[in-house]
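> Following the hints, position chain R against chain L.
Listed below, chain by chain, are the residues.
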Amino acid sequence: MTTLNMEFDLVVIGGGTGGPMAAVKAKEANPRLRVLLIDKANVKRSGAISMGMDGLNNAVIPGHATPEQYVKEITVANDGIVDQEAVMAYAANSFAMIEELDRWGVKFEKDETGDYSVRKVHHLGAYVLPMPEGHHMKRILYRQLKRARVEITNRVVVTRVLTGPDGQVAAVMGFDCRTAELVVIRTKAAVISTGAAGRLGLPSSGYLMGTYENPTNCGDGHAMAFHAGAALANLECFQINPLIKDYNGPACAYVTGPLGGYTANAHGQRFIECDYWSGQMMQEFYNELQSGNGPVFLKLDHLAEETIQEIETILHSNERPSRGRFHEGRGTDYRQKMVEMHISEIGFCSGHSASGIHINARGETSVPGLYAAGDCASVPHNYMLGAFVYGKICGEQAAAFCAETGQAAHDGETEAREAARILAPLQRGDGLTPFQIEYKTRRLVNDYLQPPKVTRKFEIGLQRLAEVREDLGAMSAANPHELMRAMEAHSILDCAEMAARASLFRTESRWGLYHACVDHPERDDANWFCHVLLRRGDSGGMVLEKRAVEPYIVPVDEQERTAYQRLRIAPGTTPAPQAA
Amino acid sequence: MTLATTATQVPVRVDDDKCIAHKGCTVCVDVCPLDVLAIDIVKGKAYMAFDECWYCLPCEQDCPTGAITVDIPYLLR
Chain L
1 MTTLNMEFDL VVIGGGTGGP MAAVKAKEAN PRLRVLLIDK ANVKRSGAIS MGMDGLNNAV
61 IPGHATPEQY VKEITVANDG IVDQEAVMAY AANSFAMIEE LDRWGVKFEK DETGDYSVRK
121 VHHLGAYVLP MPEGHHMKRI LYRQLKRARV EITNRVVVTR VLTGPDGQVA AVMGFDCRTA
181 ELVVIRTKAA VISTGAAGRL GLPSSGYLMG TYENPTNCGD GHAMAFHAGA ALANLECFQI
241 NPLIKDYNGP ACAYVTGPLG GYTANAHGQR FIECDYWSGQ MMQEFYNELQ SGNGPVFLKL
301 DHLAEETIQE IETILHSNER PSRGRFHEGR GTDYRQKMVE MHISEIGFCS GHSASGIHIN
361 ARGETSVPGL YAAGDCASVP HNYMLGAFVY GKICGEQAAA FCAETGQAAH DGETEAREAA
421 RILAPLQRGD GLTPFQIEYK TRRLVNDYLQ PPKVTRKFEI GLQRLAEVRE DLGAMSAANP
481 HELMRAMEAH SILDCAEMAA RASLFRTESR WGLYHACVDH PERDDANWFC HVLLRRGDSG
541 GMVLEKRAVE PYIVPVDEQE RTAYQRLRIA PGTTPAPQAA
Chain R
581 MTLATTATQV PVRVDDDKCI AHKGCTVCVD VCPLDVLAID IVKGKAYMAF DECWYCLPCE
641 QDCPTGAITV DIPYLLR
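Same order as they appear, the protein sequences are chains L and R.
According to this note's numbering, the stretch in the first sequence is residues 1 to 580, in order.
According to this note's numbering, the stretch in the second sequence is residues 581 to 657, in order.
Next up, chain L with everything else stripped away, as it sits in the complex (with noise of 0.2 Å):
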């Protein structure tokens, strides 16, 4: 087997949302930088966005909302564990970086006076501006990475960053998922941008890509970060949708709700004053399902023509068009049924929720030179605005500290036991098929580890990964293909075991049904109002330890404080149920 050598400055591993943001502002930064964007799918279509998004969930727009309101909404909304200052590098991006995409050609939604359409879904402020023609999001990125002459490779998987001496990114190393050659690409620094862990759970029609995620997003990022050495954070804040019912995509109230549509109950009525997807959300959902007053569903039969044809046309064309023919399938016509829903199976993303690869508001993690951006990093709640603005932070720094720092050595061996590691699936005859690996894997995160979330169970969970980690031996791949889906086996099971070992660590309840524990019911501010990191230890297993919630430079008083935790509308206040 022969390998491919390269060298660059930066390279970005990833190419779906914040990634090519991250290789054209390194760019524009500094024009002569060796940049390669790399992506195991193709970079027109990868990613979260591979077909587009029809709004920004999180615009933080002048005369709508301002940044300091949208950090105490995030703060509040994630029980105070987040690092305000790296919100705020957001929050405080937010606008410039729309107009940046208005002038790319995005198009958002504006009224008669040319302002902006801000829609409020949060529990607190407005931040929702839609993008009905969102669909063409990956065309208008791909026309800036040739403008910016940013180098792009597909269809090659990364699976470890390599570290020099001093624990510095040294080099990047995979595989082509066609020819199955290696490649080493040696560079100064690297920003993850590999998006959710979405391949965690199992959905629960057992088909294995009918993930929320786009299933290319599978935790890889996640666990290169922790091999090489970088600190996660908070990963036992885990990441649960609601979404359509056997269908994989939201139904969706943030596009639904600011035209009248909201998640009911069987009856018909309301039980949540917000639709904002929050841990406190989902517990809501989850208690409305499991109480006899479930299934719950989107609401939108009550609309009138026009505007159901308005939410047909953004929903069936946009982020998961399929979801037209799903409901097309059933039966389902938003006139005249309740769409329903049900929550999805877990896995890891910060764009909705809170954990991933640790970054501060400089987009640095612990390791020197490496970088990360969006769903994979730990800034909570960034959805897609948040990986453009975090893409743009990463590149920007990244090309700063590649001006001042040379290229490091790595190690040879372990280059050789990398590249032992990733052959050895093909050169094994027969064995257990990479699917078997992944369905035995996902389907014990299902039994063990979803929430409510008991010790025992976790224990278990625990035991019988280290099992599967113990067949990792005995995987073969008959081709390239099935070689990129054993690697992301083993990317799968390394974010498995850490979903598990954090989950066990923080010894309370928090985020509402994301870190429901039945044994540490209670929320316990005085022993865990902190971060909990994950990294690698010395022998090489998984260490965990409290870090402390960096100074607020937003205050957050009492009242607002608590107000996630009065979602449920009180018995008795309820709507009527209107007319269909």
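Keep in mind the hints are simulated off the structure, nothing from the lab.
By construction, the Cβ of each residue, glycine as well, lies at the ideal position given by its N, Cα and C atoms.
Nothing false has been slipped in among the hints.
Here are a few chain L residues that sit away from chain R, every Cβ distance over 10 Å (derived from the structure):
no. : residue
1   : 95
2   : 99
3   : 124
4   : 361
5   : 403
6   : 521
7   : 537
8   : 561
Computed footprint of chain L on chain R, listed as stretches where at least three residues anywhere in the stretch have a Cβ under 8 Å from a Cβ of chain L:
no. : region
9   : 603-614
10  : 623-634
11  : 643-656
Frame of chain L, contents of chain R only:
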């Protein structure tokens, strides 16, 4: 140890009469995030080689001749 395969109905349908892969077109293969499509060299037509579809639709939307239809996988329907 022998490996068995389980037959399954795949979600991506290709209309061979419309597919122009024999003329060198690889658009659907290029855009698929999961890399599950391939060109049958003998037939000169695109087909779904791996049952790992996310039914995201770039293949269908970007196909220059409208040869592709993506169904919701049976398990979810």
